[in-house]
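Line by line, the protein sequences are chains A and B. Numbered per my numbering, the first sequence spans residues 20 to 320. Numbered per my numbering, the second sequence spans residues 490 to 687.
Calculated from the structure, these hints are not laboratory results. All values reported here derive from a predicted model rather than from experimental measurement. No residue lacks a Cβ here, since even glycine has one placed at the ideal position from N, Cα and C. Keep in mind that the hints are not guaranteed to be accurate.
Stated by the list, open to error - Calculated pairs, SDA-like style, for lysine to any residue (alpha carbon to alpha carbon, straight line, at most 20 Å):
#  : chain 1 : residue 1 : chain 2 : residue 2
1  : B       : K590      : A       : Y83
2  : B       : K593      : A       : I202
3  : B       : K526      : B       : Y677
4  : B       : K527      : B       : L595
5  : B       : K593      : B       : R649
6  : B       : K593      : A       : K215
7  : A       : K32       : B       : Y641
8  : A       : K216      : B       : A658
9  : A       : K32       : B       : R649
10 : B       : K527      : B       : F659
11 : B       : K593      : A       : T80
12 : A       : K215      : A       : D28
13 : A       : K32       : B       : A658
14 : B       : K593      : A       : K32
What the hints assert, rightly or not - Here are the simulated distance ranges between beta carbons:
#  : chain 1 : residue 1 : chain 2 : residue 2 : range
15 : A       : G177      : B       : R586      : 39 to 45 Å
16 : A       : G177      : B       : K593      : 21 to 27 Å
17 : A       : T80       : B       : R597      : 37 to 43 Å
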Amino acid sequence: MENRINLNDGLIKQNMVFMSGMLIAPVIACATSLSKSLALCFVFSFVSFAAIILCRFIPRTIVYTVRVTLYTIAAAVFYIPACLLAELVFGEAVITSAGVYLPILVTNSLILSKTETRFYLEPPANMVRDVIEFIIGFDAACALTGFFRELLASGRVGGAEVPVLFTIPALETTFGGFLFVGIGAGLFRAVYNRSKKRASEEADDSEDSLAEYAEDMGEFLVGKHGRSEKIRIYKAAVGKAKNENELLEMEFLSNRDVLAAFEAIVSEGQELSAPPEENAEPQETGPDAEEKEDTDNGSVS
Amino acid sequence: MEAFLNVISAALASIFVQNMVLERALGANVLLYASRKKEHVIGFAAAIAYTTTISAPFAWLFDTIFGGYANYRIIMPLLYVLTIALIYILTLVVIWRFFPKFFKSLRRYVHLSVFNCSVIGALFLCSQQGKDIFAYLGYGVGTGLGFLVAAYLLYAASARLNSPLIPAAFRGYPIMIVYVGILSLALYAFTGYSTSAL
């Protein structure tokens, strides 16, 4: 079975804070203000990106139990310039206030686990893009957490006062962080699940929607076919669009994709979908025809 | 006697008052993984306690020798990581040589229990709060025991946290984090915060 990796996973589907919980300690305990969150994001991005790129060159002939120590050592080495740069950018007071939560980033799961289970399996260019997306996913979650916790806990943003109706000082504490991230993760998942459901519903091959699309798009070409024949053609279009989407590493299938594929199939295969003679066996259309077409083109079916 | 009391008080503090997971969120992601199975709870806690306890004297040594240097805090992670890596590899070699069956069962998740933020975070806290080597050792032991307490509390509730009565979007990871937050809130009582101090 071909191992496909969706390069957009790191942003949303496998977001390190709200979806997979791979790195939550600094966000829960330290991201209490926007400035601290940005300092965390800066150090995390620098250390993780540099360490993962370097670790890519560690030969896999070394056993994993030893290799993982090299990953951590590489991250600890990159922490030195990252911390010095962060002091210049954010000031020593912010870095000091982050306490132990900056240095613990050297043992983050993106470096220790994902390098092994994911990044090693990808071609270099894809790997770089994938790492960047995971990093952006974490940074966005961390910065948003810091922004809202500072706003809700003290009525400030980036140190400047903002008029708010009420404050929740407990959000500055660790238990406040746990509750905020837990509830945030639940809401994030709810929104994700809803959007995923909606996207899949749009591309759903349910009988009614298939018939409607077939009516709209193919009536003039396959008008003399029966309802089941239109549905078969539409299913073939869905299959074709899905294949193309996978090749493009897109997660959701839009109606536009399906309709484009439908048009292509119908216009390419007019003969295939020509009106059958009465009482004759159905013509070779739909999924089977699509399989043939894909095989001929040498693409993955 | 004083040294023994130092160890005990540091250990108790790191279990209840400054619990690594519940009070500082260090190792929260490992906690979620460890709480899935009872064996994992014990295995992870033992590995964390072992690593932090053995590493603590080295951390004390580094702090004593290099503590006066201005940029010591920047190279601390590297020194601590090297110490942990050394202990990890030596321990694995010994286990692999003398207990090959145990090594096979261990190798799948041993790296997760050693290279995580609770172990390295414990060493940083030793450095910040430990006065002598006994306090460092106490924090080392207490970190593992604190993790055990937190992981067991989460494990005990895991069946209910995965109940179908909980909305699908909150089931699993989000509700576990909320539950740990409530445990964390309960543990704040030990530190004696007043609402005005919040």
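Going through the hints against the structure:
In summary, the hint linking K590 (chain B) to Y83 (chain A) is supported, as the alpha carbons are separated by about 18 Å, within the 20 Å threshold. Of the supplied pair hints, the one linking K593 (chain B) and I202 (chain A) is violated, its CA atoms being roughly 39 Å apart against a limit of 20 Å. For the proposed pair K526 (chain B) and Y677 (chain B), the alpha carbon gap of about 27 Å is over 20 Å, so the pair is violated. Of the supplied pair hints, the one linking K527 (chain B) and L595 (chain B) holds, its CA atoms being roughly 15 Å apart against a limit of 20 Å.
This hinted pair does not check out: K593 (chain B) and R649 (chain B) have alpha carbons roughly 32 Å apart, beyond 20 Å. Pair hint K593 (chain B) plus K215 (chain A) does not hold up; C-alpha atoms about 40 Å apart against a cutoff of 20 Å. Restraint check for K32 (chain A) and Y641 (chain B): not satisfied, since their Cα atoms lie roughly 29 Å apart, outside the 20 Å limit. Of the pairs offered as hints, the one joining K216 (chain A) and A658 (chain B) holds, with about 13 Å between alpha carbons and a cut-off of 20 Å not exceeded.
A threshold of 20 Å between alpha carbons decides the hint, and for K32 (chain A) with R649 (chain B) the separation of about 25 Å lies outside it, so the pair is violated. For the given pair, K527 (chain B) sits about 23 Å from F659 (chain B) by alpha-carbon distance, which is inconsistent with the 20 Å threshold. Distance restraint check for K593 (chain B) and T80 (chain A): the Cα-Cα separation of roughly 19 Å lies within the 20 Å cut-off, and the hinted pair is therefore satisfied. About 13 Å separates the Cα atoms of K215 (chain A) and D28 (chain A), which keeps this hinted pair within 20 Å; it holds.
For the suggested pair K32 (chain A) and A658 (chain B), the alpha carbons sit about 13 Å apart, so the restraint of at most 20 Å is met. Distance restraint check for K593 (chain B) and K32 (chain A): the Cα-Cα separation of roughly 33 Å exceeds the 20 Å cut-off, and the hinted pair is therefore not satisfied. Distance hint check for G177 (chain A) and R586 (chain B): the Cβ-Cβ separation is about 56 Å, which falls outside the suggested range of 39 to 45 Å. As the Cβ distance of G177 (chain A) to K593 (chain B) is approximately 52 Å, the hint placing it in 21 to 27 Å is violated.
Checked against the hint of 37 to 43 Å, the pair T80 (chain A) and R597 (chain B) fails, with Cβ atoms roughly 20 Å apart.
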